[in-house]
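Asker: Protein chains in written order, with this note's numbering: chain A, 1 to 391; chain B, 1 to 391.
If you are wondering where the hints come from, they were derived from the structure by calculation, not from laboratory data. Be aware that a few hints might be false.
No copy is singled out in the list; a pair is fine if it fits within one copy or between any two copies.
Said to hold, decoys possible - Quick list of in silico lysine-lysine cross-link-like pairs, DSBU-like style, CA-CA up to 35 Å: (1) Lys295 x Lys204; (2) Lys295 x Lys73; (3) Lys219 x Lys73; (4) Lys174 x Lys264; (5) Lys219 x Lys92; (6) Lys305 x Lys295; (7) Lys73 x Lys204; (8) Lys153 x Lys305; (9) Lys153 x Lys295; (10) Lys264 x Lys92; (11) Lys305 x Lys92.
2 protein chains.
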Amino acid sequence: MLTYFGTQHFAGCACCSIGPFQAMAASGSGLSAATNLEAGEGPRRGAPSGGGLIIDCHGHYTTEPQELLDWRKRQIAAIGDRSQMPSVDSLKINDDQLRQSVEGAQLKLQRERGTAATIFSPRASGMSHHIGDAAVSAAWSRVSNDLIYRLTKLYPKNFIGVCQLPQSPGVEPKTCIAELTRCVEELGFVGCNLNPDPSGGYWKDPPLTDRWWYPLYEKMVELDVPGMIHVSAAANPVFHTTGSHYINGDTTAFMQFLMSDLFKDFPTLRLIIPHGGGAIPYHWGRYRGIAQDQKRPPLSESVLKNVFFDTCVYHQPGIDLLTKVIPAENILFASEMVGAVKGVDPTTGFNFDDTRRYIDGSANLSAEQKRAIFAGNARRVYPRIPASIFN
Amino acid sequence: MLTYFGTQHFAGCACCSIGPFQAMAASGSGLSAATNLEAGEGPRRGAPSGGGLIIDCHGHYTTEPQELLDWRKRQIAAIGDRSQMPSVDSLKINDDQLRQSVEGAQLKLQRERGTAATIFSPRASGMSHHIGDAAVSAAWSRVSNDLIYRLTKLYPKNFIGVCQLPQSPGVEPKTCIAELTRCVEELGFVGCNLNPDPSGGYWKDPPLTDRWWYPLYEKMVELDVPGMIHVSAAANPVFHTTGSHYINGDTTAFMQFLMSDLFKDFPTLRLIIPHGGGAIPYHWGRYRGIAQDQKRPPLSESVLKNVFFDTCVYHQPGIDLLTKVIPAENILFASEMVGAVKGVDPTTGFNFDDTRRYIDGSANLSAEQKRAIFAGNARRVYPRIPASIFN
Numbered sequence: 001m002l003t004y005f006g007t008q009h010f011a012g013c014a015c016c017s018i019g020p021f022q023a024m025a026a027s028g029s030g031l032s033a034a035t036n037l038e039a040g041e042g043p044r045r046g047a048p049s050g051g052g053l054i055i056d057c058h059g060h061y062t063t064e065p066q067e068l069l070d071w072r073k074r075q076i077a078a079i080g081d082r083s084q085m086p087s088v089d090s091l092k093i094n095d096d097q098l099r100q101s102v103e104g105a106q107l108k109l110q111r112e113r114g115t116a117a118t119i120f121s122p123r124a125s126g127m128s129h130h131i132g133d134a135a136v137s138a139a140w141s142r143v144s145n146d147l148i149y150r151l152t153k154l155y156p157k158n159f160i161g162v163c164q165l166p167q168s169p170g171v172e173p174k175t176c177i178a179e180l181t182r183c184v185e186e187l188g189f190v191g192c193n194l195n196p197d198p199s200g201g202y203w204k205d206p207p208l209t210d211r212w213w214y215p216l217y218e219k220m221v222e223l224d225v226p227g228m229i230h231v232s233a234a235a236n237p238v239f240h241t242t243g244s245h246y247i248n249g250d251t252t253a254f255m256q257f258l259m260s261d262l263f264k265d266f267p268t269l270r271l272i273i274p275h276g277g278g279a280i281p282y283h284w285g286r287y288r289g290i291a292q293d294q295k296r297p298p299l300s301e302s303v304l305k306n307v308f309f310d311t312c313v314y315h316q317p318g319i320d321l322l323t324k325v326i327p328a329e330n331i332l333f334a335s336e337m338v339g340a341v342k343g344v345d346p347t348t349g350f351n352f353d354d355t356r357r358y359i360d361g362s363a364n365l366s367a368e369q370k371r372a373i374f375a376g377n378a379r380r381v382y383p384r385i386p387a388s389i390f391n
Numbered sequence: 001m002l003t004y005f006g007t008q009h010f011a012g013c014a015c016c017s018i019g020p021f022q023a024m025a026a027s028g029s030g031l032s033a034a035t036n037l038e039a040g041e042g043p044r045r046g047a048p049s050g051g052g053l054i055i056d057c058h059g060h061y062t063t064e065p066q067e068l069l070d071w072r073k074r075q076i077a078a079i080g081d082r083s084q085m086p087s088v089d090s091l092k093i094n095d096d097q098l099r100q101s102v103e104g105a106q107l108k109l110q111r112e113r114g115t116a117a118t119i120f121s122p123r124a125s126g127m128s129h130h131i132g133d134a135a136v137s138a139a140w141s142r143v144s145n146d147l148i149y150r151l152t153k154l155y156p157k158n159f160i161g162v163c164q165l166p167q168s169p170g171v172e173p174k175t176c177i178a179e180l181t182r183c184v185e186e187l188g189f190v191g192c193n194l195n196p197d198p199s200g201g202y203w204k205d206p207p208l209t210d211r212w213w214y215p216l217y218e219k220m221v222e223l224d225v226p227g228m229i230h231v232s233a234a235a236n237p238v239f240h241t242t243g244s245h246y247i248n249g250d251t252t253a254f255m256q257f258l259m260s261d262l263f264k265d266f267p268t269l270r271l272i273i274p275h276g277g278g279a280i281p282y283h284w285g286r287y288r289g290i291a292q293d294q295k296r297p298p299l300s301e302s303v304l305k306n307v308f309f310d311t312c313v314y315h316q317p318g319i320d321l322l323t324k325v326i327p328a329e330n331i332l333f334a335s336e337m338v339g340a341v342k343g344v345d346p347t348t349g350f351n352f353d354d355t356r357r358y359i360d361g362s363a364n365l366s367a368e369q370k371r372a373i374f375a376g377n378a379r380r381v382y383p384r385i386p387a388s389i390f391n
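Take the sequences, apply the hints, and build the full model.
Answerer: Structure representation (structure tokens):
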């Protein structure tokens with residue numbers, strides 16, 4: 001019972017797994033005090049150095065109201081006694097609570113950093129597909145996605161929805177098609193998060209290039225929505241959720257793509273590898289070399305027409321490497337703010353996750369390339385982003 | 001039977017797992033033709049730009065004679081019928097075969113690249129601790145280590161021994177103490193390779209910071225030998241051995257260290273994280289930030305007194321990042337040549353794994369720092385390296 005709130009040393013961390021520290025995040029503690037600023041009205045840092053607006057393609061709802069966490073607790077507790085399972089409709093959160101949860105956090109940071117809109121999805125570590133079965137995952141995904149939807153309606157200029165999928169270890173991904181379709185067609189979502197390891201660090205399901213996943217890809221292509229490859233909380237105590245499991249998931253997925261013909265089968269499928277692509281750009285020579293040794297096509301042909309990296313790399317030298325070795329058209333601006341790293345870098349005086357500064361500060365990029373990274377590429381990769389965002 | 005030679009798409013690759021392609025590597029094919037040059041007599045590229053000699057701290061015996069591979073095949077086949085198990089003494093390889101296996105490969109490359117000596121251990125992917133049980137692993141480690149020993153006697157200026165440990169999933173690491181002691185005290189080895197995941201990608205054993213590992217660390221400290229954290233072949237088909245499993249192992253281990261007090265318990269334990277530290281330097285801001293958020297000490301205090309990164313990063317931008325964010329005293333020169341990436345980088349005309357070029361070409365390092373990376377740090381981290389190497 002309540003294994004989700006386990007205290008295993010490596011399986012989670014206070015800043016990203018739902019747990020005792022969540023209340024702090026939800027109240028905005030750790031951020032400077034929220035004021036009465038209306039969303040979108042706060043002082044902006046100014047237009048990005050390349051001009052145009054900024055879309056942050058990677059944000060999670062990490063400041064959920066306590067009621068959602070309590071609902072999840074009840075759901076997990078009921079895994080052993082299904083008669084106690086809470087209904088989806090039993091979750092009661094009003095609009096004021098939703099506003100309060102983001103005004104002092106995501107919206108405040110958007111204003112301060114001058115990012116126009118965030119592609120927003122449920123907390124990544126909160127998906128925890130390893131808990132319960134497919135039915136548990138389905139209900140949990142539905143309530144989580146519905147809150148994201150309501151936020152996109154409350155703040156249509158600030159949030160663009162991306163959904164959690166009701167994955168479950170050993171369960172065919174095609175079971176997620178209904179929720180994906182609902183989120184895209186009924187809720188106006190523009191993409192999904194795709195967990196390559198629903199087991200939470202035991203890696204029991206087939207690689208992303210296996211036909212196991214194909215029905216889901218077919219639907220993603222039909223709906224014209226991309227997927228962000230994103231693991232969830234580590235249940236395996238050898239991994240730290242945000243420190244190693246996230247990064248390993250990214251690296252693992254890219255290598256699967258490199259060795260496969262997935263994108264021959266799905267030439268229009270688009271996948272985003274977050275956290276700057278895991279270890280991939282740092283070892284770009286290794287991957288070019290492995291592809292060559294293995295008689296695979298160059299990465300520009302086999303992978304980079306379909307795979308994109310975000311900019312969640314929390315220091316200038318990392319972003320400089322990313323922008324040096326990966327073509328600008330494959331990079332999407334992102335911060336994952338109010339996420340894995342919340343503090344201020346003492347060497348700069350700014351938040352580690354204030355990644356706009358690193359793009360602004362990059363000497364590798366032209367103004368045109370910066371505009372593409374800040375917004376143009378996102379518009380291309382997520383064609384369902386409403387045109388109103390750009391007006 | 002013969003699962004070791006499995007054809008799973010992601011579990012191995014021709015260049016690094018023992019398999020049908022091994023004969024090519026052993027014959028030196030893919031390298032330019034071996035000549036009759038005596039080891040150490042070939043033309044050198046010249047002294048490194050910082051002066052002094054170069055020790056490559058990361059080399060594996062990837063060009064083993066066919067007889068060793070045949071012995072291993074018989075051993076694996078006998079797992080189902082122990083009466084057929086080959087004895088350690090039944091392996092017959094003469095000195096000429098050993099010489100032939102390295103003259104056109106490792107020794108030729110040492111001469112061409114001007115690297116004086118290689119810290120040399122059995123093939124990393126060949127350890128495959130997931131195959132068989134502890135007894136199988138013990139015999140396989142013994143024959144593998146004995147060949148390394150013979151090479152260090154044939155070429156005492158060129159090879160310095162590091163041992164494979166007879167790990168086995170679920171078996172306490174203290175069972176490896178006898179082989180470690182034999183290799184150090186009787187064979188003159190200077191360190192060991194330590195596999196953080198003997199299961200081959202299922203990650204079933206405790207983290208490296210668990211007391212499970214402490215008896216082995218106590219012996220390493222007593223013998224004053226470091227360990228290189230190095231996984232072996234991926235048995236889990238989601239991982240590519242050299243493309244993701246190796247790199248993930250590195251990242252995973254570092255994060256375990258960051259979150260633990262291991263080095264308070266073992267202040268003189270020294271561990272090398274290969275492959276440039278996995279994803280760590282690229283995400284150095286992330287790790288500094290997580291440490292800060294989690295109220296851990298700065299990385300310079302908690303990890304960098306005991307943990308070292310090698311230079312197996314196969315392009316100049318990667319090495320530039322490594323040398324920018326990681327203190328030079330924590331970096332050890334290495335190439336893992338005749339390893340994961342054997343080809344020539346078409347953008348430079350030189351082998352991807354010719355990492356000396358990237359250190360020579362680094363603008364971040366002083367001459368003194370280059371000398372430390374090329375040899376001084378290795379002498380400090382591996383104090384059992386014979387003084388004759390440096391004369």
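Asker: All the hints need checking, so say for each whether the structure fits it.
Answerer: Against the structure, the hints:
no.	hint	verdict
1	Lys295 x Lys204	both (28 Å within a copy, 33 Å between copies)
2	Lys295 x Lys73	between (50 Å within a copy, 27 Å between copies)
3	Lys219 x Lys73	within (32 Å within a copy, 45 Å between copies)
4	Lys174 x Lys264	within (20 Å within a copy, 49 Å between copies)
5	Lys219 x Lys92	within (32 Å within a copy, 58 Å between copies)
6	Lys305 x Lys295	within (18 Å within a copy, 41 Å between copies)
7	Lys73 x Lys204	both (26 Å within a copy, 28 Å between copies)
8	Lys153 x Lys305	within (33 Å within a copy, 51 Å between copies)
9	Lys153 x Lys295	neither (49 Å within a copy, 38 Å between copies)
10	Lys264 x Lys92	neither (46 Å within a copy, 48 Å between copies)
11	Lys305 x Lys92	neither (43 Å within a copy, 51 Å between copies)
Violation of the numbered hints given earlier is confined to hints 9, 10 and 11; the remaining hints are satisfied by the structure.
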